[in-house]
Structures are given as C-alpha cells and as structure tokens.
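Trainee: Given next are the chains, with one letter for each unit.
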Amino acid sequence: MKVGNYIVLITFFVLMIYASLGFPNRGDANARMHQEKSLAGSINAPSYYIHYAERDDHTPNMVTVILADYRSYDTLGEETVILTAGLICFLLLRKKRTANDQK
Amino acid sequence: MIRNEDNPIVGLVSRIVSPFIMLFALYIIFHGHYSPGGGFQGGTMLAASLLLIRLAMGSEIAQLQFKRSWGTPLGSIGVLIYFATGFTAMLMGGTFLNYEFLSLSEIASHTRSIGVLLVEIGVGLAVMGILVAIYDDLLEGDPDV
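In order, the protein sequence lines correspond to chains A and B. Quick note on numbering: the working numbering labels position 85 of the first sequence as 85, and the sequence is numbered without any gaps. Quick note: to get the working numbering, add 1000 to the position in the second sequence (first position is 1).
Careful, some of the hints might be misleading.
Derived DEER-like restraints, expressed as beta-carbon distance ranges [as the list claims (entries may be wrong)]:
id : chain 1 : residue 1 : chain 2 : residue 2 : range
1  : A       : 74        : B       : 1012      : 38 to 48 Å
2  : B       : 1070      : A       : 54        : 48 to 58 Å
3  : B       : 1069      : A       : 30        : 49 to 59 Å
4  : B       : 1035      : A       : 48        : 20 to 30 Å
5  : A       : 43        : B       : 1080      : 31 to 41 Å
6  : B       : 1096      : A       : 28        : 28 to 38 Å
7  : A       : 27        : B       : 1035      : 17 to 27 Å
8  : A       : 37        : B       : 1063      : 52 to 62 Å
9  : B       : 1069      : A       : 8         : 43 to 53 Å
10 : B       : 1070      : A       : 16        : 37 to 47 Å
A few chain B positions that, by computed beta-carbon distances, are all more than 10 Å from chain A [unchecked claim]:
id : residue
11 : 1091
12 : 1094
13 : 1103
Since the hints were derived computationally from the structure, they do not count as laboratory data. For every residue, glycine included, the Cβ atom is placed at its ideal position computed from N, Cα and C.
This is chain A alone, in the form it adopts within the complex (with noise of 0.2 Å):
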C-alpha cells in the first residue's frame, strides 16, 4: 500500500515536471499570453486592463480594478475562504473547552 502511494506520488511528480518543460518562458514576448489579441481575435485579457482599467472604473492603481471589479468573484471566494477558517477556529477550539468545563 505504501510503495503504491508512493509510485503513485513520483509518477505525478514527472508529469508536472514534463508538463512544466512546455511553459513558455519567463518575460517571452512571443507567448500567446503576451500578445494583444488572442486566438480568436479579440482583446486579451492582460493586455484589455491596461487599456481600460482607469477609463472603467477611474482608479489608477490597476491591481486594485483587477481584484476587486474584474475579478470580484475571486475576492469573494478568498473573503469566504478567511471567514470558514475563522469559522472553524472557533467550532475546534470553543466548542471543546466548553464540553470539559461541563465533567
């Protein structure tokens, strides 16, 4: 049972190094992630918020339109995320210092 674990660990450990070889590099200009339009034709994402990011929502510092307008439904998440934690804090540790006070 141990061994197949851990074969099954090393064999997903050299397909994520075998899928990252197929990355662009760092800083290429050529990269598809790069460049103004996208495949189909349209605007690529990166390059619509530098565009648009202080005519859309007058604010100049662009990390900010990105988090909390472009992808507010991300920051939600994460809120959710920092509240379930906060959540589960207090049903670990409350909850069980209560049922020892009461023996």
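Add chain B to chain A, keeping to what the hints say.
Mentor: Positioned in the frame of chain A, the structure of chain B alone reads:
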C-alpha cells in the same frame, strides 16, 4: 515568570503606537485606489494594532478596546458587506457584483470606483475580525493571559 502587563514601558509604548498603526491601516484601505494596498493589507494591519494591545497589556485589559465576542460577528459583517454590494447591484438591474448599476454617481466609472471602495471596506473588516478572533480562540482558557 514576568508577566507582560507588569512592564509599564511596553504597555505605554504599545498604547501610543497602536492608534497610529490603526490610522495607517485606514489610510491603506481608503487609499488603495491610488497606491499599493487594499482591504487585505489594511485589515491585517488593523488586526495587528489590536493584537499589539492584547500582547502588551494582556487580554483582560484589551477587552475594553475590542471584546472577545466581537471578532467572528465582525468577520461575518464584512463578508455580508461584500455580498450585499454585489446583490444590490443585481437588484438594481445589473449582474452580480457589477457595480455600475449601484447608481451612486452620475458617471459610470465613478460609481464603479465607489463600489470597489465598499468592497475593500468589507474585506478589511472581515480580515480584521477573523484574525483577532483566531488569536482569541487560540488563547481561550489560558490562565496566563
């Protein structure tokens, strides 16, 4: 063991520094449109200013500033502010989290800017409340605090 709250210098310095940390945290939240920062960073610094008092003066004295039972409700209120902003936009005819439909201003881009600010306030409140709540939960029942 030397208790922290017996040391007047640590207590005094942290009592002086804590409001300035809070002020800077509010600056980070509300100036996030123009400089690096935003809800997560500002909320963490707000929590840091509260935890500084808790560490230096002891949890019992810090109850005067921020009660143990406030953390989790404040976190929930923060998430509710975020969700309510998106849901209000939906009720006013737009899609979920499309701030343009909040109609807080004449110009669409200004409305979106205010919507982003509301969302950041919600994030800051949630992060602050939850971080303080986790600290209090971990120290629950510790006789030495």
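Trainee: Would you mind marking each hint as holding or not holding in the structure?
Mentor: Checked hints:
| no. | hint | in the structure |
| --- | --- | --- |
| 1 | A:74 <-> B:1012: 38 to 48 Å | holds, 43 Å |
| 2 | B:1070 <-> A:54: 48 to 58 Å | violated, 38 Å |
| 3 | B:1069 <-> A:30: 49 to 59 Å | holds, 57 Å |
| 4 | B:1035 <-> A:48: 20 to 30 Å | holds, 23 Å |
| 5 | A:43 <-> B:1080: 31 to 41 Å | holds, 35 Å |
| 6 | B:1096 <-> A:28: 28 to 38 Å | holds, 36 Å |
| 7 | A:27 <-> B:1035: 17 to 27 Å | holds, 26 Å |
| 8 | A:37 <-> B:1063: 52 to 62 Å | holds, 59 Å |
| 9 | B:1069 <-> A:8: 43 to 53 Å | holds, 46 Å |
| 10 | B:1070 <-> A:16: 37 to 47 Å | holds, 44 Å |
| 11 | 1091 | holds, 17 Å |
| 12 | 1094 | holds, 12 Å |
| 13 | 1103 | holds, 15 Å |
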